[in-house]
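Given the coordinates of chain S, assemble chain V onto it according to the supplied hints.
2 protein chains.
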Amino acid sequence: MNMAAAYSDTRGAMERSIRERVPPLLTDLYQFTMAYAYWRAGRHQEPAVFELFFRDNPFGGGFSLFAGLQDCLQFLQSFCFTDEDVEFLRSVLPPNTDPAFFTFLRGLDCSGVTVRSVPEGTVVFARVPVMEVAGPLAVVQLLETSLLCLVNYASLVCSNAARFRLAAGPSRSLLEMGLRRAQGPDGGLTASRYSYIGGFDMTSNVQAGFLFGIPVVGTMAHSFVTSFSSLEEVWPQTLNTASGDQVDLISLTKGLLSRVCVLLRAEAGKICEGELAAFLTYAIAYPHNFLPVIDSYSVACSGLLNFCAVALALSELGYRPLGVRLDSGDLCRQSLEVRHVFKLCSQHFSASTFDSLIIVGTNSFSENTMSELNKKENEIDAVGVGTHLVTCTKQPSLGCVYKLVEVRGRPRMKVSEDPEKSTVPGKKAVYRLLHTEGHPFLDVVCLAVEPPPKAGHPFSYYLREEDTSRCVTPAQVTCLRQEVFTKGQVTYPVCSAKETRAKAQSSLQMLHPKYKRLQDPDIYTVAVSEKLYKLVSEIRRGITNNSANFLLSN
Amino acid sequence: MNMAAAYSDTRGAMERSIRERVPPLLTDLYQFTMAYAYWRAGRHQEPAVFELFFRDNPFGGGFSLFAGLQDCLQFLQSFCFTDEDVEFLRSVLPPNTDPAFFTFLRGLDCSGVTVRSVPEGTVVFARVPVMEVAGPLAVVQLLETSLLCLVNYASLVCSNAARFRLAAGPSRSLLEMGLRRAQGPDGGLTASRYSYIGGFDMTSNVQAGFLFGIPVVGTMAHSFVTSFSSLEEVWPQTLNTASGDQVDLISLTKGLLSRVCVLLRAEAGKICEGELAAFLTYAIAYPHNFLPVIDSYSVACSGLLNFCAVALALSELGYRPLGVRLDSGDLCRQSLEVRHVFKLCSQHFSASTFDSLIIVGTNSFSENTMSELNKKENEIDAVGVGTHLVTCTKQPSLGCVYKLVEVRGRPRMKVSEDPEKSTVPGKKAVYRLLHTEGHPFLDVVCLAVEPPPKAGHPFSYYLREEDTSRCVTPAQVTCLRQEVFTKGQVTYPVCSAKETRAKAQSSLQMLHPKYKRLQDPDIYTVAVSEKLYKLVSEIRRGITNNSANFLLSN
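Keeping their order, the protein sequence lines are chains S and V. With the numbering used here applied, the first sequence corresponds to residues 87 to 640, in that order. With the numbering used here applied, the second sequence corresponds to residues 87 to 640, in that order.
Derived from the structure by calculation, the hints contain no laboratory data. No incorrect hints appear here.
A pair holds if it fits inside one copy or across any two, identical chains being indistinguishable in the list.
Here are the simulated EDC-like cross-link-like pairs (lysine to aspartate or glutamate), alpha carbons at most 20 Å apart as the crow flies:
| hint | residue 1 | residue 2 |
| --- | --- | --- |
| 1 | 507 | 416 |
| 2 | 620 | 506 |
| 3 | 356 | 624 |
| 4 | 356 | 504 |
| 5 | 480 | 458 |
| 6 | 356 | 423 |
| 7 | 429 | 465 |
| 8 | 617 | 529 |
| 9 | 429 | 463 |
| 10 | 540 | 523 |
| 11 | 513 | 624 |
| 12 | 589 | 287 |
| 13 | 480 | 606 |
| 14 | 617 | 552 |
| 15 | 507 | 551 |
Note that this is a predicted model, so its numbers are computed, not measured.
This is chain S alone, in the form it adopts within the complex (with noise of 0.2 Å):
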């Protein structure tokens, strides 16, 4: 495989690229109808509070990582309308719409608006506002499909590698190869970024190594082995040793597949001719990155013995073969019956290269695949994931929202009929209770007004569902969120997808396993602060109770 780290400076590029990406203009009507009743009424530039979270974590887990942060700053920072914007809207909106709206829109930029978010990389639960959006009530309205769509589909497949790298264990290399399976061109580069995040190694993808620096690997398909039928195509048809010298790479492989042959009772008239020739030409072009798909005929057969022979070849001129992939079938038997035979070469020709070879499995891996690589002996050293991992065949939607919260100061409140879908009301701030030995065991929704609770100092919360305060003293305290951009300024530092995967492999080494279950995890306790409990009650009761005699007034 073909490693390669480059970390280009990109981020020119990717702020260029969110324009074209999240161009203003991609989000629902809604948004423009709304801004243009409140600029009508005069209310445009009331200071206005949204939250943005998911009511459930997905795939039935304990747990998500939060991500999409930086994609969104980038949004925030780039925010604007252009003439031709501004005109096309005017074609869809009703034709009774105020020409000075219009005027008002091509002047809009997100210099009003603050964010406080979780960090990237965070692990997060579901009922937690992970993002608050404070601005002119018009401009954080018109930002709403935006965030969501950048937040949703990135924490989504974040969370999911998250749980293939579990289900993986910590040593299996992972690779991302998903993009042609992927909801579209940018679904794929998306999947690319969030799955190394989420805790994969590698990705096949070559735009997200340029962007995201992220180790790009690949070697070939099934297509380049049955494009050769002959050794004739073979050229050129030899390979210089370490040292210089000129071998006939053809001859000395012919040779060593009899004596493979013979080691391992094979029939040479079962082996594919054109197979070899691609192998041959491979090595050829690239002695030092040797890693076929060994089962594009039979890998028993011909595709085994195949490889053997030119990795013996190689190994005899001084390369080191890297090993072979496995694309259809069971993996695991198969990869204990190659790594059988990579043994016997290994004694019958001392090749000791033969015992670093790697086998890696590429065949449709889901979650429950991978998990059971850890019940079913096998040989497999890396994994290639696809479809299931970008696009999350098991929850193919996270479901964030994204909720008014207050306006000019006063807390706002959605009571629906459906309890599922009533929203907690009040500015706010989170706060993550850890145990002595580091371990979260709850997040707090407090009012931004209370104070936060203290380590060491026992703390009062309420549950949703209960009407009764419990009470615990914790070992530590950090606030959730963070000021990340403040009156139209990125406040948050630039972090490489290197970095930020970093981050979130020891935030989610911090949660204790019983969250980590990949089946019926142990639920994390989101809570809510008693103030906050009782500016709920009240609400309830106001709109129950209070909600006016207005039609007697004048």
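For chain V alone, coordinates are given in the frame of chain S:
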């Protein structure tokens, strides 16, 4: 709802954006390692043919809609590497890569490539090669991942939309509103475009209106409603009648609300003042486009009453209110209650505008809940669909593949241990055979050199899994694919989304209903010609028997 059919001339913008969306590095690294091996062996210019197909119709259905072709053509036309691309590749590929290869890459384009394809928006079936890409081996190999990425999701979401349309029946209005839940921003845009082509009527996505001329709609979210708390926030408080007189809309509405309460025996004390303020503000801003969401608090106790009062006031002033949106709870039951109240108001207040109000339902519609609308009594005129449509929760990936079938005029085939993964060799033509009534009943994959089946003449074919041939006499025969890209030039007419939508709907119309059943459809027959059948058998034998005693030769 605000509808706009904006058909802007945005072809230039689309061509610019394809390079941003699908830069030539957005592909798997192995395409480059293979290209290098071909180049090194002097095989890069050999004429080769690849085919694109999928192995199963998605969603357990009986058909698919082919989509993504126009994007593919734009991608092919703009395909080339910049100096920056090539420099990055140099850093990723193994250090022993011959520098002349990068010069070769820098000069590459698709001027040697020819594509034959099924037209966009055609009904297609599993295992039919929908696209054939012919050209220099190294170039057509490099195109694989991008073409798959562009066809896979477009065809998947287009087919999904067609199923939602079948589930909804022909007359219900369907609105796509999934942007915020899509797998990234480009996924959302692609979903809007192909949902429309698959049979949706409108989108909430403004950018999809801008780029593709799709009708865009939208009114208000719950946040708009909950942002208001009192009638004092309504400004201006007046509205002009159609004849130009200024009327105090608040007083008028309050009076009507009292009368509505009496009519419906509702408690005035339970009505939410903020909700009424929101409705009034919106009505004053957009008196011709009044369609509020009425379940922010309680439909029966507040939202519906407020709506009726404002809608009656608008009607009195000569405006025609549009309807309501329901976003939670049992939509069927609620829609019946709402319609009942509309009828009562129409009679009681002699408000004929209430006879044509529409009820829009938007609450996590899936294909199944959409189908249920036809079984349960309801009054829902239009349905908004998000998550389940755009992320294709039932099956979030199509699984298109791209397989080599010919090199230098010689058929190529992959004979996998997994029979499902074997390929069908040779350059082909595909014919669709139709009954007298115009219904297609059989697709036949032939070798390109064969004469086509003729209308009125018996034609013999083979099924993949059978050894004996069958015979049929078609009433009509159509050639399914056409040349769409000839030696670097697009030869397929650029169609608007509206035109492609019409084609898709007519192609679906021709398909017999038995193949369109959402559950357990009949399986449409895809066969091979006798010549192709024999070629496959020959190659299988050749690989097993012939495959060379090449070890004996030198």
